[in-house]
Amino acid sequence: MVVFEKPKALTDAQTHYCPGCTHGIIHRLVAECMDELSLEGKAVGVAPVGCSVMAYDYFGCDMIQAPHGRAPAVATGVKRAKPDAFVFTYQGDGDLAAIGTAETVHAATRGENITIIFVNNAIYGMTGGQMAPTSLPNQITQTTPYGRDVNTAGYPIRVCEMLSTLDGVAYAERVAVDCVKNVNKAKKAIKKAFQTQIDKKGLSIIEVVSSCPTNWGLSPNDALQWLRDNMLPYYPLGVYKDKTGEEVK
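The opening residue of the sequence shown carries number 1 in this note's numbering; numbering runs sequentially from there.
Worth flagging that the hints you see were computed from the coordinates, not collected in a lab.
Since we're looking at a predicted model, the values are computed, not measured.
Mixed in with the good hints there might be a few duds.
Computed list of lysine-lysine pairs in DSBU-like fashion (alpha-carbon distance at most 35 Å, straight line) [to be verified]:
1. K201 / K8
2. K6 / K191
3. K181 / K200
Pairwise CB distance ranges, derived in the manner of DEER restraints [unchecked claim]:
4. T152 / C179: 32 to 38 Å
5. G77 / K181: 35 to 41 Å
6. D222 / K181: 16 to 22 Å
7. V2 / Q142: 28 to 34 Å
8. A85 / C179: 32 to 38 Å
9. V239 / T101: 19 to 25 Å
10. D57 / A102: 27 to 33 Å
11. V3 / Q130: 41 to 47 Å
For every residue, glycine included, the Cβ atom is placed at its ideal position computed from N, Cα and C.
Take the sequences, apply the hints, and build the full model.
Here it is, written out as structure tokens:
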């Protein structure tokens, strides 16, 4: 009896992510949900610029490469042209919360029937570890060697809290993938977000608090502990908006 196997919605491509990076876990969860909801044949994924730029190598569905930050706009066009397609974006914090803030906010306020997978690791990963909009106060990065000074750089953006105020958002939840318990919760949240789109209830977003061992300068295990000690207090896990009234088991 098979008790564990690779999801069909994942390709056989070898990952390019750094050792200990949690993108691989998130990819698997997205693929498992696609399998369980029979979405692979009608799914269209949109990957912008950042560490997610190679996502089209890993998901066994149609993928579109979007300009930096424009994934929600591209996804909007796809969904309006093909309303029966299942459309999701896969974005990092530097992409979604910086250059793509306007696209994200306006897609959300319009209630576009798409799903956003938002990976928040509090740093620019692909370009070498610069400060991101989600970098924590006093966090050391390549561009804040003495720590993020909120007096000059401002405060981190809490995306789920911000988007939950918009009427077009049907479902917003923040999850993490730092332990088995949270991975299981993350999968349920992603599946519910996908179901929200299937039921045509509006925009859904899952924010995944993630680690970046390479650019944080930590081992994979130490990075997960740093996430728990520093990120989760600032980015509390939980459901921030739920207009569906349904629970996915």
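16 to 22 Å as the expected CB spacing between K181 and D222, which holds or is violated: The hinted range 16 to 22 Å holds for D222 and K181, with Cβ atoms some 20 Å apart.
message: Quick check: does the Cβ-Cβ distance between T152 and C179 fall within 32 to 38 Å?
response: holds (35 Å)
message: Verify the CB-CB distance for V2 and Q142 against the hinted window 28 to 34 Å.
response: Because 45 Å falls outside the window, the suggested range is violated.
field: Agreement of K6 and K191 with the hint, judged by alpha carbon distance not exceeding 35 Å
entry: Holds: K6 and K191 sit about 17 Å apart, inside 35 Å.
task: Confirm or reject the claim that V3 and Q130 have a C-beta distance inside 41 to 47 Å.
output: holds (42 Å)
- request: Compare the distance between the alpha carbons of K181 and K200 with 35 Å, and conclude whether the hinted pair is satisfied.
  value: Since the Cα atoms of K181 and K200 sit roughly 29 Å apart, the hinted pair holds (cutoff 35 Å).
query: Lying within 32 to 38 Å: is that true of the beta-carbon distance A85 to C179?
result: About 34 Å separates the Cβ atoms of A85 and C179, which means 32 to 38 Å holds.
query: K201 and K8: Cα distance at most 35 Å?
result: Between K201 and K8 the Cα gap is close to 27 Å, so the pair holds against 35 Å.
query: Does the Cβ pair V239, T101 satisfy 19 to 25 Å?
result: holds (22 Å)
message: Is 27 to 33 Å respected by the C-beta to C-beta distance linking D57 and A102?
response: Distance hint for D57, A102 holds at roughly 28 Å.
message: Please check whether G77 and K181 have a Cβ separation lying inside 35 to 41 Å.
response: Given range 35 to 41 Å: holds, Cβ gap about 38 Å.
In terms of the numbered hints stated before, the structure departs from hint 7 and from no other.
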